[in-house]
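Enquirer: The chain contents come next:
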Amino acid sequence: MRVDFKSMEEEMDQLAESMSSITRFSNQISEKLRSRRQEVASLSATHSTLQKLECVLELPDRLKESVQEEEYTKAIHHWNKANASLKYYRDMPSFAGIQEDCEEIICLIQHKLEQRLQDPDVSAEQLSESVRLLQELGNPADNLIQTFLAHEAVKLDKSLEVLRAQVHLCQDPTKVNADSVVLMDSLEFIDEACNGFVPILADTATLFYQLFADHQGGEVILNDWITEHLEEYLNIVKTRLSLDKEERESVILVRALDRFYKKLSAATRNLPGLDTCQASLNVVLAVTEACVDATAANMEAELRENVLAARQAIAAPRTRMPPPAEGAVNSGGGAVAPPGAATSGINLIEMVNSLQDQIVDSLKTALGRLKMFTDPELTFSVKSGFRSRFSRDLIWNSIFFKQFWFIRDTCHKFTGDVTVPPALLLLLSRTCLDLHVSTIPFLATYTQDEFGLSESPNLSKICTSMASTSQLLLERYVQVESGDLSVLLGKSVEARDWLSSVEPRSVRAVMKRIVEDVNLIDSQVGQLYEEGNKKPRSGESTRRLGGASRARSVFSNYGNLDSSLATNIQKLFSERIDFFTPVKPTKVSVLTLIIKLGLKTLLECVRLKTFSKYGLQQIQVDCHYLQLHLWKFVQDEDVVHHLLDEIMYSAVLRSLHQPPVLMEASVVEVICDKV
Amino acid sequence: MGEETEPSLIYGLELQGRSLAPITADTENISFMVGTQSLKSDNFVYIVTLDEDTGLLHKRILKYPAGEVWSLNPNPTDPNLFLSTYGEKSQDSWKKKAAVFRIPESKNNSSNDEGNLDSVDIEVQLDEITGKNEPVGAWYQPNEASKFCLIAGNSVNYLQLQESGPTKIWEAEHSVRGQTKIETGAWNPHRHCHQVSSVSGSQVMTWDTRTGDKAWTLNVASGSNIRSMDYNPNKQYYLATGGDDGSLIIWDYRAPSEPLTTVREHSHWLWSVRYNSFHDQLILSAGSDCRVQLHSQASLSSEPLRQSLEDDDVQEKILDDGIVQTFFDHEDSVYTAEWSSADPWTFASLSYDGRLVISHVPRSVKYRILNIDT
Numbered sequence: 001m002r003v004d005f006k007s008m009e010e011e012m013d014q015l016a017e018s019m020s021s022i023t024r025f026s027n028q029i030s031e032k033l034r035s036r037r038q039e040v041a042s043l044s045a046t047h048s049t050l051q052k053l054e055c056v057l058e059l060p061d062r063l064k065e066s067v068q069e070e071e072y073t074k075a076i077h078h079w080n081k082a083n084a085s086l087k088y089y090r091d092m093p094s095f096a097g098i099q100e101d102c103e104e105i106i107c108l109i110q111h112k113l114e115q116r117l118q119d120p121d122v123s124a125e126q127l128s129e130s131v132r133l134l135q136e137l138g139n140p141a142d143n144l145i146q147t148f149l150a151h152e153a154v155k156l157d158k159s160l161e162v163l164r165a166q167v168h169l170c171q172d173p174t175k176v177n178a179d180s181v182v183l184m185d186s187l188e189f190i191d192e193a194c195n196g197f198v199p200i201l202a203d204t205a206t207l208f209y210q211l212f213a214d215h216q217g218g219e220v221i222l223n224d225w226i227t228e229h230l231e232e233y234l235n236i237v238k239t240r241l242s243l244d245k246e247e248r249e250s251v252i253l254v255r256a257l258d259r260f261y262k263k264l265s266a267a268t269r270n271l272p273g274l275d276t277c278q279a280s281l282n283v284v285l286a287v288t289e290a291c292v293d294a295t296a297a298n299m300e301a302e303l304r305e306n307v308l309a310a311r312q313a314i315a316a317p318r319t320r321m322p323p324p325a326e327g328a329v330n331s332g333g334g335a336v337a338p339p340g341a342a343t344s345g346i347n348l349i350e351m352v353n354s355l356q357d358q359i360v361d362s363l364k365t366a367l368g369r370l371k372m373f374t375d376p377e378l379t380f381s382v383k384s385g386f387r388s389r390f391s392r393d394l395i396w397n398s399i400f401f402k403q404f405w406f407i408r409d410t411c412h413k414f415t416g417d418v419t420v421p422p423a424l425l426l427l428l429s430r431t432c433l434d435l436h437v438s439t440i441p442f443l444a445t446y447t448q449d450e451f452g453l454s455e456s457p458n459l460s461k462i463c464t465s466m467a468s469t470s471q472l473l474l475e476r477y478v479q480v481e482s483g484d485l486s487v488l489l490g491k492s493v494e495a496r497d498w499l500s501s502v503e504p505r506s507v508r509a510v511m512k513r514i515v516e517d518v519n520l521i522d523s524q525v526g527q528l529y530e531e532g533n534k535k536p537r538s539g540e541s542t543r544r545l546g547g548a549s550r551a552r553s554v555f556s557n558y559g560n561l562d563s564s565l566a567t568n569i570q571k572l573f574s575e576r577i578d579f580f581t582p583v584k585p586t587k588v589s590v591l592t593l594i595i596k597l598g599l600k601t602l603l604e605c606v607r608l609k610t611f612s613k614y615g616l617q618q619i620q621v622d623c624h625y626l627q628l629h630l631w632k633f634v635q636d637e638d639v640v641h642h643l644l645d646e647i648m649y650s651a652v653l654r655s656l657h658q659p660p661v662l663m664e665a666s667v668v669e670v671i672c673d674k675v
Numbered sequence: 001m002g003e004e005t006e007p008s009l010i011y012g013l014e015l016q017g018r019s020l021a022p023i024t025a026d027t028e029n030i031s032f033m034v035g036t037q038s039l040k041s042d043n044f045v046y047i048v049t050l051d052e053d054t055g056l057l058h059k060r061i062l063k064y065p066a067g068e069v070w071s072l073n074p075n076p077t078d079p080n081l082f083l084s085t086y087g088e089k090s091q092d093s094w095k096k097k098a099a100v101f102r103i104p105e106s107k108n109n110s111s112n113d114e115g116n117l118d119s120v121d122i123e124v125q126l127d128e129i130t131g132k133n134e135p136v137g138a139w140y141q142p143n144e145a146s147k148f149c150l151i152a153g154n155s156v157n158y159l160q161l162q163e164s165g166p167t168k169i170w171e172a173e174h175s176v177r178g179q180t181k182i183e184t185g186a187w188n189p190h191r192h193c194h195q196v197s198s199v200s201g202s203q204v205m206t207w208d209t210r211t212g213d214k215a216w217t218l219n220v221a222s223g224s225n226i227r228s229m230d231y232n233p234n235k236q237y238y239l240a241t242g243g244d245d246g247s248l249i250i251w252d253y254r255a256p257s258e259p260l261t262t263v264r265e266h267s268h269w270l271w272s273v274r275y276n277s278f279h280d281q282l283i284l285s286a287g288s289d290c291r292v293q294l295h296s297q298a299s300l301s302s303e304p305l306r307q308s309l310e311d312d313d314v315q316e317k318i319l320d321d322g323i324v325q326t327f328f329d330h331e332d333s334v335y336t337a338e339w340s341s342a343d344p345w346t347f348a349s350l351s352y353d354g355r356l357v358i359s360h361v362p363r364s365v366k367y368r369i370l371n372i373d374t
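Taken in order, these protein sequences are the chains called A and B. For the first sequence, the numbering used here gives the first residue as 1, with consecutive numbering after it. For the second sequence, the numbering used here gives the first residue as 1, with consecutive numbering after it.
Quick caveat, the hints were computed from the structure, so don't treat them as lab data. One thing to keep in mind: the hints can contain errors.
To be verified - Only part of the chain B face toward chain A is listed, based on derived beta-carbon distances under 10 Å:
{"no.": "1", "residue": "Ser8"}
{"no.": "2", "residue": "Arg18"}
{"no.": "3", "residue": "Arg191"}
{"no.": "4", "residue": "His192"}
{"no.": "5", "residue": "Cys193"}
{"no.": "6", "residue": "Ser224"}
{"no.": "7", "residue": "Asp244"}
Owing to the predicted nature of the structure, the values given are computational and were not obtained by experimental measurement. Glycine included, each C-beta is placed from N, C-alpha and C at the ideal position.
Please build the complete structure, drawing on both the sequences and the hints.
Expert: Shown next, in the form of structure tokens:
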């Protein structure tokens, strides 16, 4: 074993010896080869330098080639690679020549790229390539942004121009034939608007972020630019949609608005820092407002028409002729055209109702139309900014209150109009009263329900105003009707020679006219206003037995009594007649006032005349006739008695024959009964 | 304002009356002339003087034998002369006439007994001038007592009184749509009174007294008759009319198409409208609704504003426009209401039943106008 180990050890020693000799030889070889290797390395370095040099020398040609092939990217790539070394070896004349050549070419490329940016038809890739390359060429980003945006603006303007043309066309449809443009409806318009402008805007923005991502402040510039164009765009859309005033277009309009709102919101959602929601909602609101205003204007026009129609219906001559011989006024009455005859056959209550219905209908229709704007399907309708403004400003102020104030103003104007037929005054007075009492509160509730509004409006101001207008119109009616009666009565006294009257055989025709007119007024007012309270009559039975008995006794006494005593006694027993009692909305009140004022005029006229015996007796007959027919119309028949007594008494005072001779009461009654 | 109003003095005439006029020639005393209108009894003219110290009314009753008095217009310089229209009655006829009357010197101060009364006599009969036309009224030219305007029927006459009798300077006709009777007349006190107006129906026609030509016209748009008119004595071109619709209307006659203001406070005819001749803010109106109303139209007066006492730079309103007071003293139609020519704060009104009321402007208004602190 030990021997084995020994021989093994010897062998190992031999191996180590031979290994070291190998190493020695190898070192010798590599020593010898080193110089060679260095030569090879320097040779290969020289080769690559030569290659580079070749590249540089070829650069102008390559660039030219790329330009010809419009492969600007490649060209710029080469140029960028070579540029550094060229700059380094600039001092060497040959390199300087190459650089000059290249720079010339690069200038050309830059020019071409810039030209591309000016060209509106260039594709998006080419555009982005151009911008990128120009950036690489070291053009300042600010300039590039401007150029880029200007390029995009041309496209936007083009699409805006299409929209603008539509607006013009819509404003003036007569141009339809002149241009080849066809008028689109709102929906088509919105499609055009959304498919044209919005994608361009979105693309531009996307591209912008790709190209100028690192540029400081680029976003602000972009947003300003977008805002500017968007504003113009929104304006156009607003103008166009606001032109849709026809009622039947509402459905389309609402859909168009919805589509517009949705698309614009969607398209610009991705743009950071830009909120188009508010802007587009504003457009929606503006268009809605225009639509509301148009609706209100429609309602106003409708009302005007309806009132005019009512006026014409009242003023139109009736087919029913007034009683010919009896109705005609004799010489004593003067030639006054019968003012009541034209209004006799009119069904005023029907007209009031139909006017009311028209007012209600027109408001309901308008609200129905506007209700479309609140359809929950619509994206914008659920926005709180829209909801609150729509209900508060538009529904209440621009429609509801505006309409009723308009009605009130329209009616109010008639109180100062001297040409208006009295029946119209009455009709409008009643209408205002109804509006005040029931229609306005009803419609307010209706509106609230329709739109689900919780806030109830303050109606007190409009209602008060409506009530006072109603009162004014009624006062004006009293004034006009009593004025007409007064003219009739006044002329009938003034134009007659009372000193040379013949013995009265009949009631003067004008008195019959008066009674007829009062009857007519009674029927007119009775149609529209309730009866009202009459003072309970003291002796119902006496009246029935012989209505004139009381009056006769008073009249016949004048001759015997001392006149001043008579008047004093009379004043003791009769209340003072107050001409100032405000008219109430009842038939009796209106009639009382008209009759009071008319009789007062008769009194004044009588006092200006002097009467012969027969003249006085004629007045006696006339007064008795009025007494017989007028008492039933008034609140307190004593008022009529008292006034007629005063007329009679004044006529007695103005009688030439003192003591005056009156007609036998029985004869007066016979004469009055003859009628 | 009601509580510090001086009480009105009420005096009842025996008979009906519609004529009342201030005695303009008497600038010392608050005196009015009132005439009765009765076809049944003898008529009288009352000269009523208010004693400001005692507050009592002195009355001088004069017989007016010519007939019933329809209008009175005292001479502006001679307190003993007046123009009047009257109804002369005979057995079967009645005729309206006009004349100049003379008040006799008072024989004895306390002779108001029926049998002992003086009577006014006709100084100049104007029958020839009026002819067949029924006289409406006659008005002395305020600045020249020898001349006057007489309106009869539809004719306007400008006359001069001479020793030999009345001479017609010119005559003109004012007729509106067949209306044959002029309602009333009035002198424009400005520019030496060379304008006189007549009212027919709803129209005011004004004449140039120098030529007798039409100067200008004015129409109430509503067509309502005018019953009374008066010129603003202190503000040129301004005048007031009142009429059958109860409205008091103020006009600038240079712009006659639109009234300056319309105040409708009477519920029946407005029979009389008068500017206060000292303070033209105050206008008096009376009507057949038995009411007399004192209006303020300060904004349209000659002196709408004045220097404030407290602050030199402030112009303050003297009075607000509107009714100052309504007087309810009458129970019958009031046909005339007239300011005293001597005292700016006193006026008289006469209702048909013969009630004469002397009233005063409320003290607060008086002090306000006089700018006295109370």
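Enquirer: A separate judgement is required for each hint: does it hold in the structure or not?
Expert: Against the structure, the hints come out as follows:
Look at Ser8 of chain B: its Cβ only gets to about 17 Å from chain A, farther than 10 Å, so that hint breaks. Annotation: interface hint on Arg18 of chain B holds; nearest CB of chain A at approximately 8 Å, less than 10 Å. Restraint check, Arg191 of chain B versus chain A: the minimum CB separation of about 34 Å is more than 10 Å; hint violated. A cut of 10 Å between beta carbons decides the hint on His192 of chain B: the least distance to chain A is about 34 Å, and the hint is violated.
Taking 10 Å as the C-beta cut-off, the interface hint given for Cys193 of chain B is violated, the closest approach to chain A being about 29 Å. The criterion of a C-beta within 10 Å of any C-beta in chain A is met by Ser224 of chain B, whose closest approach is roughly 8 Å, and the hint holds. The criterion of a C-beta within 10 Å of any C-beta in chain A is met by Asp244 of chain B, whose closest approach is roughly 7 Å, and the hint holds.
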